[in-house]
Amino acid sequence: MNKDNVSAVITTALRFGDNAMVLGQRISDWVSRSPTIELDIGFANQGLDLIGQANLFYELAGRLEGKGRSADDLAFLRGAEEYYNLQLVEQPNGDFARTVMRQVFYATYAELVFDQMVKGKQEDLAAIAAKGQKEMAYHVRHAGEWVVRLGDGTDESHERCQQALDYLWPYRHEMFAYDGVDDEMVGLGVLPEAETLKAQWMESLGNIIERATLTVNDSNWQPGGGRDGVHSEHLSYLLEEMQVLPRSHRGAQW
Amino acid sequence: MDERCAKIWQVLDEVMDPEVPVISVVDLGIVRDVATMEGEDGGLEVIITPTYSGCPATLQIENDIRQALDEAGFVDVGLKTQLAPAWTSDWMSEKGRQALKDFGIAPPVGKVSKRALFGLETPVPCPHCDSDDTSLISEFGSTACKALWKCNSCSEPFDYFKCI
Numbered sequence: 001m002n003k004d005n006v007s008a009v010i011t012t013a014l015r016f017g018d019n020a021m022v023l024g025q026r027i028s029d030w031v032s033r034s035p036t037i038e039l040d041i042g043f044a045n046q047g048l049d050l051i052g053q054a055n056l057f058y059e060l061a062g063r064l065e066g067k068g069r070s071a072d073d074l075a076f077l078r079g080a081e082e083y084y085n086l087q088l089v090e091q092p093n094g095d096f097a098r099t100v101m102r103q104v105f106y107a108t109y110a111e112l113v114f115d116q117m118v119k120g121k122q123e124d125l126a127a128i129a130a131k132g133q134k135e136m137a138y139h140v141r142h143a144g145e146w147v148v149r150l151g152d153g154t155d156e157s158h159e160r161c162q163q164a165l166d167y168l169w170p171y172r173h174e175m176f177a178y179d180g181v182d183d184e185m186v187g188l189g190v191l192p193e194a195e196t197l198k199a200q201w202m203e204s205l206g207n208i209i210e211r212a213t214l215t216v217n218d219s220n221w222q223p224g225g226g227r228d229g230v231h232s233e234h235l236s237y238l239l240e241e242m243q244v245l246p247r248s249h250r251g252a253q254w
Numbered sequence: 001m002d003e004r005c006a007k008i009w010q011v012l013d014e015v016m017d018p019e020v021p022v023i024s025v026v027d028l029g030i031v032r033d034v035a036t037m038e039g040e041d042g043g044l045e046v047i048i049t050p051t052y053s054g055c056p057a058t059l060q061i062e063n064d065i066r067q068a069l070d071e072a073g074f075v076d077v078g079l080k081t082q083l084a085p086a087w088t089s090d091w092m093s094e095k096g097r098q099a100l101k102d103f104g105i106a107p108p109v110g111k112v113s114k115r116a117l118f119g120l121e122t123p124v125p126c127p128h129c130d131s132d133d134t135s136l137i138s139e140f141g142s143t144a145c146k147a148l149w150k151c152n153s154c155s156e157p158f159d160y161f162k163c164i
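Read top to bottom, the protein sequences are chains H and B. Mapped onto our numbering, the consecutive letters of the first sequence carry residue numbers 1 to 254. Mapped onto our numbering, the consecutive letters of the second sequence carry residue numbers 1 to 164.
So here's chain B without its partners, still in its complex pose:
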């Protein structure tokens, strides 16, 4: 069973986020668990959680995961969406953060707290030149999970993966 679980995690790690195709659904923290189904005899299920209530990629992600599981021969493995606990950018892996940065998207800065949402902006380093001299253009960027920033040193605009 452990071996089967490990193989499933491997398959999931190949499923990329449809809107940010350099980060896998595992590194993004969307896959919460691969666990034994309740009330079933030994069947496994993959438990996922959406990032935002209205994230339009949610259905696409479910379909992509389902397809990847089926293609790898895990047709009998279930897929369950779970809302609580709510997704947080803290769940993004180090590998995922690095992949975002290499792609030109600034990864979430720091840990989530009430202050991070309301207090003074923590500097968001530019993913291109690493300068801390950056400024916010818009709280909302190309997708719900991103904000739009610009670098005052290299003049490049960039997406920032919001810390929530």
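This is chain H alone, in the form it adopts within the complex:
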């Protein structure tokens, strides 16, 4: 990594830190209201995995940035326009079907990215990805099995799963919309090529969708911009709840 790449590495660390933080925060919301206690525990553990990953990405970004910002500063003291996560992960939980569908979308993407990141020429990102890839593989399996079970289940569960797929499907575009930062990362072997990533993601999701007896209904709508700080209205509500305490009581410890 030369000096020119530092800013691209910071942006990449923030993007993946923000994906993990926002999704971890979202699924933590299920704790105490899941359909079964096993799912309650499952969501709590997946939330922990994600927030743990976010912490590692933030520590790296803060260190490279060199302005003395801690992982907590980056999590709690940035507004929505400074968050660079995919719009996919900030979408409201909706019902259980939408939550597990969103988890499959993101975990499949993150696992494919981390599989490449561990081989990349940026060793800090590689170390974080090495832990993350194993964790995301579990998320894919857990959520994937639920999508299949619900999709290929009762009329009601099938219908809800189909609605979840229809709602979330357009948000996939953003994963493959690469910019200059991503191209730099591809050059360092940190990210997979956009076309490769897209082909692999579509294949994995295609298998799950088929087993779940669901149908892809594509539209021309292509939401995007999350990775540059442009978000749906949902993110600011999430951040408001997450950040209110550290923002109201700066530097408080307990």
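Do not take every clue at face value.
As the list claims (entries may be wrong) - Taking lysine-lysine and the DSBU-like style, the derived pairs with C-alpha atoms no more than 30 Å apart in a straight line are:
1) B/Lys95 - B/Lys150
2) H/Lys121 - H/Lys67
3) B/Lys80 - H/Lys67
4) B/Lys7 - H/Lys121
5) B/Lys80 - H/Lys119
6) B/Lys95 - B/Lys7
7) B/Lys101 - B/Lys150
8) B/Lys7 - B/Lys80
9) B/Lys95 - B/Lys80
Claimed, not checked - Covered stretches of chain B, going by a simulated chain H footprint (3 or more residues, C-beta under 8 Å):
10) 53-63
11) 131-139
12) 142-150
Hints in this document: simulated from the structure, not taken from any laboratory. The structure presented is a predicted model; accordingly, all values stated were derived computationally and were not measured. We put the CB at the ideal spot given by N, CA and C, even for glycine.
Here the structure of chain H is known, so what remains is to put chain B in place on it, guided by the hints.
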């Protein structure tokens, strides 16, 4: 120096995992090395790695190790967290696996591979009655590192330390 290292390993072997208090941080594979610090003249440091990115016990483990070292007189020994290579359940010692089983937690089965994560479930023997007739209740158990299983022979539910 070798004697000092050996004594430090001994101290570490007495530090138990806070969530599974029958297995030491050494047997769990969290302690990677006791080595000479880079750029220092002869100072030693203990190198540890977390099990999961979000394991809430990580800080507690660091504190416990620090305390054990201090109490044993190794105040000058450093403590460093290292992420790579990532922790794997393959690093758990035989002694640790046996301790888990005696505690009622099924130890990780087999070696880690991509297939272990995705392929058909390898049977997890019941830690209570050793039956192979067991089934998965939930991929996620009481902590991030465990899954919840049940035995179809003796009807006992049990924790399974995941193979990752």
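Against the structure, the hints:
| no. | hint | in the structure |
| --- | --- | --- |
| 1 | B/Lys95 - B/Lys150 | 24 Å, holds |
| 2 | H/Lys121 - H/Lys67 | 24 Å, holds |
| 3 | B/Lys80 - H/Lys67 | 23 Å, holds |
| 4 | B/Lys7 - H/Lys121 | 38 Å, violated |
| 5 | B/Lys80 - H/Lys119 | 24 Å, holds |
| 6 | B/Lys95 - B/Lys7 | 19 Å, holds |
| 7 | B/Lys101 - B/Lys150 | 14 Å, holds |
| 8 | B/Lys7 - B/Lys80 | 18 Å, holds |
| 9 | B/Lys95 - B/Lys80 | 25 Å, holds |
| 10 | 53-63 | holds (count 4) |
| 11 | 131-139 | holds (count 3) |
| 12 | 142-150 | holds (count 4) |
When each numbered hint is compared with the structure, a violation occurs for hint 4 only.
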